[in-house]
Structure formats: C-alpha cells, structure tokens
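Each chain, letter by letter, is given below.
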Amino acid sequence: MRHSLTKVLLLGLFMISINQNITANEINSAKTENVTESLDSIQTRIYGSFIKSIITNSAEPITDMSDVLNRVNKKRNSSIVKYWIAYQRYYQSIYYLKVGNKDMSEESIDEAIDTIESIKTKNSDDYALLSIMTGFSLQFKGMRAMFIASSIKKCAIQAIAADSTNIRAYYAYGSNDYYTPEQYGGGKEAERYLLKAISLTSQKIENRYLPSWGEPESYELLIKLYIRKKEMVKAERYYNIAIAKFPANRSIGYLKKRFK
Amino acid sequence: MRVLISISALLICCICSAQYRISGTVNDKRGNPVFAANVYIKSDPGRGVATDFDGQYNLQFTSLTDTLIVSHISYKQRYFVVEDIDLSSNFTIVLYDKTRTIKEIIVTAGDPVSEQFSAVKLKQMQIYLNPVAQGDPLKAITVLPASTTVNETANPSLRGSVADRSRVVLNGVPVYNPVRANQLNNQGFFSLFNTSIIDKQYVYASNPPLTQGNTSAGLVEIYTLQQLERNQLSISTSLASTGLFLSHKIKGAKSFIQLYGNYQFSDAFVTIQRDKLPTIKSFYTKDIGVNLHSKTGKKTEMNSYNYYIDEAFNGNYNVYNYSGDIATNKQRFFSVNNLKYYTTKGILSINNGINISDQTFGFGSINSDQKVKQIYGSINYKWLLSESLNIQIGVTCDHQEHRFNDNISMLYSDVNTNLLVHRADTAINNTILEGYIYNKWSVTDRLWLSAGLRTNIPVNNIKSYYSAQLALRYDLSKGKSLLLSGGKYNSFSVPNYYNKSYNLLSAYQLALDFTMDYKNITVKPALYYKIEDGDNVIDNIYNADKTETFGVELYAEYSFLTYLKLMFANSYINQSIRVGNKEYKGASNFNYLLKTTLQYNNPKLFSVSVTYVARPGTYYTPVNGAGYNNLYNIYQPNYDINKYSSQYNSYNRVDISLNRYIKLKRYAIVAFATVNNIFNTKNQSSAYYNKDYTAKMFNHYQYRTVYVGVVWQLNIN
Chain L
168 MRHSLTKVLL LGLFMISINQ NITANEINSA KTENVTESLD SIQTRIYGSF IKSIITNSAE
228 PITDMSDVLN RVNKKRNSSI VKYWIAYQRY YQSIYYLKVG NKDMSEESID EAIDTIESIK
288 TKNSDDYALL SIMTGFSLQF KGMRAMFIAS SIKKCAIQAI AADSTNIRAY YAYGSNDYYT
348 PEQYGGGKEA ERYLLKAISL TSQKIENRYL PSWGEPESYE LLIKLYIRKK EMVKAERYYN
408 IAIAKFPANR SIGYLKKRFK
Chain V
5 MRVLISISAL LICCICSAQY RISGTVNDKR GNPVFAANVY IKSDPGRGVA TDFDGQYNLQ
65 FTSLTDTLIV SHISYKQRYF VVEDIDLSSN FTIVLYDKTR TIKEIIVTAG DPVSEQFSAV
125 KLKQMQIYLN PVAQGDPLKA ITVLPASTTV NETANPSLRG SVADRSRVVL NGVPVYNPVR
185 ANQLNNQGFF SLFNTSIIDK QYVYASNPPL TQGNTSAGLV EIYTLQQLER NQLSISTSLA
245 STGLFLSHKI KGAKSFIQLY GNYQFSDAFV TIQRDKLPTI KSFYTKDIGV NLHSKTGKKT
305 EMNSYNYYID EAFNGNYNVY NYSGDIATNK QRFFSVNNLK YYTTKGILSI NNGINISDQT
365 FGFGSINSDQ KVKQIYGSIN YKWLLSESLN IQIGVTCDHQ EHRFNDNISM LYSDVNTNLL
425 VHRADTAINN TILEGYIYNK WSVTDRLWLS AGLRTNIPVN NIKSYYSAQL ALRYDLSKGK
485 SLLLSGGKYN SFSVPNYYNK SYNLLSAYQL ALDFTMDYKN ITVKPALYYK IEDGDNVIDN
545 IYNADKTETF GVELYAEYSF LTYLKLMFAN SYINQSIRVG NKEYKGASNF NYLLKTTLQY
605 NNPKLFSVSV TYVARPGTYY TPVNGAGYNN LYNIYQPNYD INKYSSQYNS YNRVDISLNR
665 YIKLKRYAIV AFATVNNIFN TKNQSSAYYN KDYTAKMFNH YQYRTVYVGV VWQLNIN
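Read top to bottom, the protein sequences are chains L and V. According to the numbering used here, the first sequence is numbered sequentially starting from 168. According to the numbering used here, the second sequence is numbered sequentially starting from 5.
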C-alpha cells in the first residue's frame, strides 16, 4: 500500500531523533495542568509519547496522551483540541501498525478521521491532516480504497484553497501525488507542490499550540522523488539543504547512502 | 559637557530599549475567546505570543511606531497601529471569519445544493466496477433496490413508477429517452452516456430536489468531469463494436477536451449466436461525442457536450395477432452547454440544452416518422448565505416540439392490414416555464433540513400547478443517517406513437431512507409510499387515473477477504391502479424483487462477478377471445375487463462478467467477457396471439448471449 511499513519505521526514526528530550514526566505533568498548559508544545509531546511507545514496545505512553487530550476536550471543546486528538490517534494508529495490530491500527485511524471530520468549519490545517490520514487509511480499506482515494486529493486542494501559505497543505497535495500510481495520474505534480512547500515557513511566528510539522517531511519526500526520477544531482542538492537545516533528522540522514 | 553627553546617551539608550506592554483578549465576532491566535509586532515577530484558551495575551515590545498583527488560520488577519492603542487598558481584539476564497468555493460549493438528500452517489470508478453496469452509468443503477426497471433497458424506472415519470439530467439539462434503441433486446444497446466523461451521478429514488423540474418520480443527476487526471487514448474492439476515445488537456491542466466515436455492428455478434437472438436480423449504431471543459478565468468555467448518434435496427416482432418485420432508424443530436460564474457569495450557472431527432419506424401497417425538437434553458443562483444556510433560486424553460407523420389505424389492434389506415400529420408543442427556490439549512453538525418550492408560469393555456417538498436528514452517528422526505411533484409525459400529447402528471411522495455504513458492511433499508395522478396510458388504450404504491427496500453490502464483495438488494412493492371507478393491481406488484451479486475484484489478477436477478412476473391484461369484423375480415381482441389480471411467469436470470486489467508501462489492456442469462431462461416479456386470438404465445427477454472485447489504453504525456 501507499504507506509502507518501511516508511512508518523511517518516520519513527526521524521522530526519535527530534524528540529525545521528551520525558514521561513531562507527558504526565499535563494531567494536572490547566487547559492552555495541557496543549503547550502538544505536537512535540505527541511525537515524544509515540517514540516512547516504540522504544518501550508499549501502547501506554501514546494512549496516555489520548487521556490528556480527552480531558482537555471535556473541559473545552474546540476545533484545535479535536485537531490534536486526531493527530494523536494518527500516531497511535502508526504505532499499532508497527507492532502488527492491524485491527487497532484501523480503529485508531478511523477514529482520527472521524474526529477531524466532525470539525464543522475546517481550516487549512484540518484539511491537510485529513488528507494525509485518509491516505494512510487506504491500506485497511480493501476494495473501498478506490472510492476513497479521490477524497484525499480533494482535501489537499481544499487545504491549499483555504490558506495558500500553509506548508502542510502543499505537503499533503505533494504526498498524495507522490504515492498515487502513474497509471492513475500520479507523479506529475509532486515536484511542483513540494518545491512550493519548502519555500514556505511552517509557522508565521512560533506558536507552541499549533502544528509546525511539514518542512522536513516535504524535503524528505522531494529528495525521494528526485531519487525515484533518477535526478540525482537535484536529489543531492536538496539533501544538502535539508540536512543542514535538520541535522538531527535521521529520516533525512538515512537518505545519505543513496549518494556516492 | 562630558557629563551632559553621558546623560544624553544614557537617556537615548533607555528610550531605545524601553519596554512596552500590551495585553487583552482576542475574541471571535460572537464574543468567544480565540485560542492560539498569533499576536506580534510586525518588525519583531520573534517576540510574538499566542493567546491562551481564554483568548488572553500579554505582549512586550519596544517600539511605539509599529504595527500590531493578530492572525489565526481560521480568521482574517488584523492590523493595528500601535500608537492608536491605549496601552493602559486591556485591548480587546475581534477576529472575523475568513471569507471563503474563490478556489474554496470552486472546490467545496460545486456539488449540488441537494447533495445530502440523495439516496446514492456514484463516482466514475464505482460505475466502472459495478458488476451489472457493463460500464454504463444508467445500467449501474439497476443493482439498487430502488431500480424497478423490469424490461432490461437502461432507462431507469424508480420505485415502481413508469420510466416516463423519472428524469435523467446531464449537467442540469434533462435528456429525454436517454437510451439507445430501447425497444430492442438490450444486448449492445445501453444509455447514451459514455462513462469516461462522467465525474459522478446522484440518484434520488424518491422526492427529486426541486432544483430540477418535470419529474414526478425520481431523478438521476449526472455531472461531467471537472478536471482531467491524465491524457489518454483508448481503442476498443469487441464482438459488436469498435471505438476510439481521446482525452487531452489543453491550456495546461485547466481545460481539457474529450473526443470519442463508436461503431456498433451486428454481423459477428448475431452470426455466432443466431438461435439466441431470434428477433434480431441486423443493427448498427454510429455515434460521436465531444466534451469540452474550459476554465476561462479564475471565476468562470464552461462545459460543452455535444453528441450525435445514427442507429438502425432490423428484426421481427410480435404484437396482438401480428408477427412481422420491424425496422427502425433514428438520428439524434443533443448538446448540453453550461456556464458557471463563481463569487465568494455564490455560484451563478446558466445551462442550455438542444435536442433534435428524427426517427422512422415501420412494423406491419404502422409507418411512423417522428421528429423532435427541444430547447432547454435555465439560469440558477446558488447563494452561500453562511456555512449553514444555502439557498438556490432559478428559472427554467423547457420547450418541446413533436411532429408525427404516421399511418394510423382506426382499430388500434390492426397492425396486419392497411384497410383502416389513414395518414396523419400531428404537430404538438409544450413550453414548461417554471421558477423555483430551494434551501438547505445545516441546523447542527448532524441535522440538515431542506425545503423546495417550484411553480409554473403558465404558457399556452397550461394550467397552473406547483410542486413543494420538505426533507430532513439526521446523522445518528458516524455512518448512520436517516432521511425523511416528502412532497408534491409534477411532470409531463413524453409523447409517443400511441399517446400524442403532453399529459400533466402529478405525485405525492413520502419516503424514509436509512443508511448504516460500518467498516465493511453497508445496510440501507427504506420505506416509501406514493400516490400518482394524471392520465397514465396503459396497454396503449386505457388511462390509469391514479396509481398507489407502497414499497419496502433493503440493500446490504459486505466486503470480505480483501477482494470479495457480496451485494444483496430486495424490494417488496404493493401497487394498485384505478381506471375509472375501479381499482386493479398495478403492473409492478412484487412480493420480491431480488438482485444479488458476488464480486471478486483483485486489480492485480482479474475481476469476476456473478449476478442473480429474480422477481415474480409482471401483470398484464389478457385477451379473452375476439370478435370477427365481417366488413374488414379482421379479428378484434376482447380484453379482459379486469385490468392486469394475468401474470407472466416468474423472472430469473444469472449473468457472469469477467475482466482482466494488464498494465504494460505506458499501455494498459482491459479484456472483458460477459455471459448474460447463462441458464438461457425463457423470461416472458409480453403476450401475443394467433390470428383469431384463440392461442396465446409470448415474446421473451434476452436469451443467453456472449459478449467479449478488449480495450487498449495509452497514457499520453
């Protein structure tokens, strides 16, 4: 399927690299903090809990984050909280897939999609995440995947239409095109959209409550695209830029062996 | 002096590094606090802060001659001159919802306003993978329990109503008689539409949205592609056809053209299975289609679809007490043209349709030449009042002209002789001018309400009428929804050889549709009740004044073992008709109407499906003897006074279809084969008689037939 286990593992390695400083204490402390503090650096903390789950081979750290977010959601039901609940369920799904529990993985990603879909007025980030998650869910959908696939692109288009400066929107579009087989019209627009993505900033100002992912992911996919197209000069050029910007990113670093 | 300079420098330094502070709350226009809004000074975004869950912020900065910016991904960005802000008190900032961009409107608001109230939505891929569709969009509907088509044609009959009460609409323009040679055995004769130009289609089995008029049963709305995924050339050849299809982008990726042509012929198809096609001598169809989609600007797009078909059929047929040769020939051209203009508040659409056809028909003493001209126009505005309220208004005009140049017999049943035949030239026309308003209100995340009103503007002495509807959709939970709809509807019958008039038909409908979609299981039960009024011609001689139909449906779909899917559909229909003051059974009166399909679809290997359709026979009015007319030496049938008192044998049919997709770099090959009615069941379609009506015989639906073909696809860069 479009998102192979290898990709998931690479993603995991990448996350290990940037989240080594996340401790269980920090995660647990959120339980007692107020609502705003509970969402402080939430993206990093979800990453951290996911990594801890992988390292310890236990679902507890990532599901603990779910508890934190559910408590916040009970206190303050807002679209941002729903976004992070969906994001957490997405990584929970990746974790379960990694440990071979496909049923729980499917249940988690379905829950993630339902959560983001329940946001009545979706913004660009909501659509971008929905696009990525729907793409990930295809591997569980068998024959239904063919009917769902078109909604991935539509969500990415909606994400760009809603905010033409959102890096994650362009990443979602580029990612969908990258993973769409050529016979179904894929592979033609990924380069343009990923180049656009890396020309944007992940946030206007640093905002620890809002998503900031997208830039390293866009670089990684762009490099892979050039490698796939056998345009090694371009691939190496963007690899050098990416590794300079994200030296600790093992997922990007892993690509080094492709260049002699 | 040095002391003075030092003091001055210190003062300047203090001024330069002076810390100011601004604090307050960021709210939305409803007064709710906005969480995680960015609050920062333009020249120093690094010191920016985010609001907390109470919308509060506290920002420190160093320059009074700057701009304060407040941004959030869901709201319009706001700017404030710092000097104008009273720093001594809390500064409350109100953020306003973002206005949707034109691009967003194009992506999100292009779907029909009534989308949530359709029973079924089929995307192009679903049509191709539909086990009974054979790639035809209208055939794809027949797998639904709501499809009560019993004569093996692609012309949709929905929920027990005659096909003439439902409409098929392409890009907002009605296409009447949307099938090829529908009086014939259906093999090779499908709808007029090519699935490769289709994006999606909606099926409203009951309660058609009043954005469309002239339907008193159901509605099938077909929409052509908005975007072309890839340039492609396809060449197809089969036992009875050869065709070519080209899709190509123009002006980059924004516009595209699709061109196709097909030639269908009978030689090989009929020759190898002549005993299975006893009513066909020969046939051909030649058609050509052009679909052009163009984005003429950021806010404007147009689509023009033009289609021409020339078809002919020679065979034999049996009716009343006559058996003889039948010959038809028809040329038809239709054009559907659409213009859309997008604004941030709504979508203006102008639709135009033109249909011209000329059909000759010869059978015994019948010799008919029918010419049809239709022109359709509509102007519609979909007003996006808010996220939760959409209103669509419009005016439609549908002008039709039918001209019949026929041999008409004084005795309807005398097809055998020319004794009582006279030539008649009948020209009739009808103009349906209507206005409508339709609104959809999203009350909560789970509850939608819609209401529609449509009324005619009487032209040429047509009486006034109105249509009205209400619908409610409630999503019980994810994947579970309930649709309750009801209303009054109007339509006009389409004239034909036996009924040369535009009869106003009306209907009252009430329907309850439930959908449950959970993991790999879909279940859709439904209940409906309708009363249809108006002169509905039956048996070519009687008018049914009123038809009452009550139906119960169940559709279930189960996907398992990755590649397998089981589909089950069944309907119970209780139908009665009233002719004069007497009530009779209706023709579509079924205790069961079963359709079940098992499909194996592995894209890497092959796809195979087995479909079984079963139902009791339809009802018909038998002939009980005949009177002999000495003057003309002919027998005249005496129909039973009890209408629909006889029933054909029960109908059973099993079809198998197989296809294999082979990918070879830029090329792909699709090979397909179908065997229809594999057990060669003789399903009765109509009764006919010997010369004096003392012996009854039956025409049959399609016997076992085999059809094979191959499509070669080339992806063009």
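These are computed hints drawn from the structure, not numbers from a lab. Small disclaimer: the values here were computed from a predicted structure and weren't measured. Certain hints may be false.
Straight-line C-alpha distance at most 35 Å; calculated DSBU-like pairs for lysine-lysine [claimed, not checked]:
1) L/LYS321 / V/LYS669
2) V/LYS303 / L/LYS363
3) V/LYS523 / V/LYS586
4) V/LYS586 / V/LYS695
5) V/LYS686 / V/LYS504
6) V/LYS280 / V/LYS258
7) L/LYS308 / V/LYS667
8) V/LYS349 / V/LYS504
9) L/LYS355 / V/LYS686
10) V/LYS33 / V/LYS253
11) L/LYS363 / V/LYS334
12) V/LYS586 / V/LYS125
13) V/LYS667 / L/LYS241
14) L/LYS363 / V/LYS127
15) L/LYS401 / V/LYS608
16) V/LYS253 / V/LYS285
17) V/LYS334 / V/LYS467
18) L/LYS391 / V/LYS667
19) L/LYS321 / L/LYS308
20) L/LYS321 / V/LYS280
21) L/LYS355 / V/LYS334
22) L/LYS423 / V/LYS667
23) L/LYS391 / L/LYS355
24) V/LYS127 / V/LYS482
25) L/LYS308 / V/LYS523
26) V/LYS484 / V/LYS33
27) L/LYS397 / V/LYS667
28) L/LYS391 / L/LYS423
29) V/LYS349 / V/LYS550
30) V/LYS482 / L/LYS269
31) V/LYS586 / V/LYS280
32) V/LYS107 / L/LYS321
33) L/LYS321 / V/LYS586
34) L/LYS355 / V/LYS80
35) V/LYS107 / V/LYS280
36) V/LYS258 / L/LYS391
37) V/LYS700 / L/LYS321
Status of the hints after comparison with the structure:
A hinted pair counts as satisfied when its Cα atoms are at most 35 Å apart, and L/LYS321 with V/LYS669 qualifies at roughly 27 Å. Under the criterion of a C-alpha separation no larger than 35 Å, the hint pairing V/LYS303 with L/LYS363 is consistent with the structure, at around 23 Å. Distance restraint check for V/LYS523 and V/LYS586: the Cα-Cα separation of roughly 50 Å exceeds the 35 Å cut-off, and the hinted pair is therefore not satisfied. Our distance criterion of 35 Å between C-alpha atoms is met by V/LYS586 and V/LYS695, whose separation comes to about 31 Å.
Proposed proximity of V/LYS686 and V/LYS504 is supported: the alpha carbons are some 33 Å apart, at most 35 Å. Restraint check for V/LYS280 and V/LYS258: not satisfied, since their Cα atoms lie roughly 49 Å apart, outside the 35 Å limit. The hinted pair formed by L/LYS308 and V/LYS667 meets the criterion: a straight-line CA distance of about 23 Å does not exceed 35 Å. Of the supplied pair hints, the one linking V/LYS349 and V/LYS504 is violated, its CA atoms being roughly 45 Å apart against a limit of 35 Å.
For the hint pairing L/LYS355 with V/LYS686, the CA-to-CA distance comes to about 53 Å; that exceeds 35 Å, so the pair is violated. A hinted pair counts as satisfied when its Cα atoms are at most 35 Å apart, and V/LYS33 with V/LYS253 does not qualify at roughly 44 Å. Restraint check: the Cα-Cα separation between L/LYS363 and V/LYS334 comes to about 54 Å, which exceeds 35 Å; the hinted pair is violated. Taken as a hint, the V/LYS586 and V/LYS125 pair is broken in the structure, with Cα atoms around 40 Å apart against an allowance of 35 Å.
The suggested pairing of V/LYS667 with L/LYS241 is violated, with an alpha-carbon distance near 52 Å, which exceeds 35 Å. For the given pair, L/LYS363 sits about 31 Å from V/LYS127 by alpha-carbon distance, which is consistent with the 35 Å threshold. Proximity of L/LYS401 to V/LYS608 is assessed by CA-CA distance (about 34 Å); at most 35 Å being required, the pair is judged to hold. For a cut-off of 35 Å, the pair hint linking V/LYS253 to V/LYS285 is broken: about 42 Å separates their Cα positions.
With a C-alpha separation of about 33 Å, the suggested pair V/LYS334 and V/LYS467 falls inside the 35 Å cut-off, and the hint holds. The straight-line distance between the Cα atoms of L/LYS391 and V/LYS667 is roughly 24 Å, inside the 35 Å bound, and the hint therefore holds. Between L/LYS321 and L/LYS308, the direct Cα distance comes to roughly 18 Å. Compliance with the 35 Å bound is thereby established for this hinted pair. At most 35 Å may separate the alpha-carbon atoms for a hinted pair to count; L/LYS321 and V/LYS280 exceed this at roughly 47 Å.
Of the supplied pair hints, the one linking L/LYS355 and V/LYS334 is violated, its CA atoms being roughly 44 Å apart against a limit of 35 Å. With a C-alpha separation of about 33 Å, the suggested pair L/LYS423 and V/LYS667 falls inside the 35 Å cut-off, and the hint holds. Of the pairs offered as hints, the one joining L/LYS391 and L/LYS355 holds, with about 14 Å between alpha carbons and a cut-off of 35 Å not exceeded. For the hint linking V/LYS127 to V/LYS482, the alpha-carbon distance of about 21 Å falls within 35 Å, and the restraint holds.
The straight-line distance between the Cα atoms of L/LYS308 and V/LYS523 is roughly 8 Å, inside the 35 Å bound, and the hint therefore holds. Straight-line distance between C-alpha atoms of V/LYS484 and V/LYS33 comes to about 34 Å, which keeps the hinted pair within the 35 Å bound. With a C-alpha separation of about 22 Å, the suggested pairing of L/LYS397 with V/LYS667 holds against the 35 Å cut-off. For the proposed pair L/LYS391 and L/LYS423, the alpha carbon gap of about 11 Å is at most 35 Å, so the pair holds.
For the hint pairing V/LYS349 with V/LYS550, the CA-to-CA distance comes to about 44 Å; that exceeds 35 Å, so the pair is violated. Pair hint V/LYS482 plus L/LYS269 holds up; C-alpha atoms about 21 Å apart against a cutoff of 35 Å. The straight-line distance between the Cα atoms of V/LYS586 and V/LYS280 is roughly 41 Å, outside the 35 Å bound, and the hint therefore fails. This hinted pair checks out: V/LYS107 and L/LYS321 have alpha carbons roughly 12 Å apart, not beyond 35 Å.
Restraint check for L/LYS321 and V/LYS586: not satisfied, since their Cα atoms lie roughly 56 Å apart, outside the 35 Å limit. Note on L/LYS355 and V/LYS80: the hinted pairing holds, with a Cα-Cα distance of about 33 Å set against a maximum of 35 Å. The suggested pairing of V/LYS107 with V/LYS280 is violated, with an alpha-carbon distance near 55 Å, which exceeds 35 Å. Taking the CA atoms of V/LYS258 and L/LYS391, the gap is near 28 Å; set against the 35 Å cutoff, the hint holds.
Under the criterion of a C-alpha separation no larger than 35 Å, the hint pairing V/LYS700 with L/LYS321 is inconsistent with the structure, at around 59 Å.
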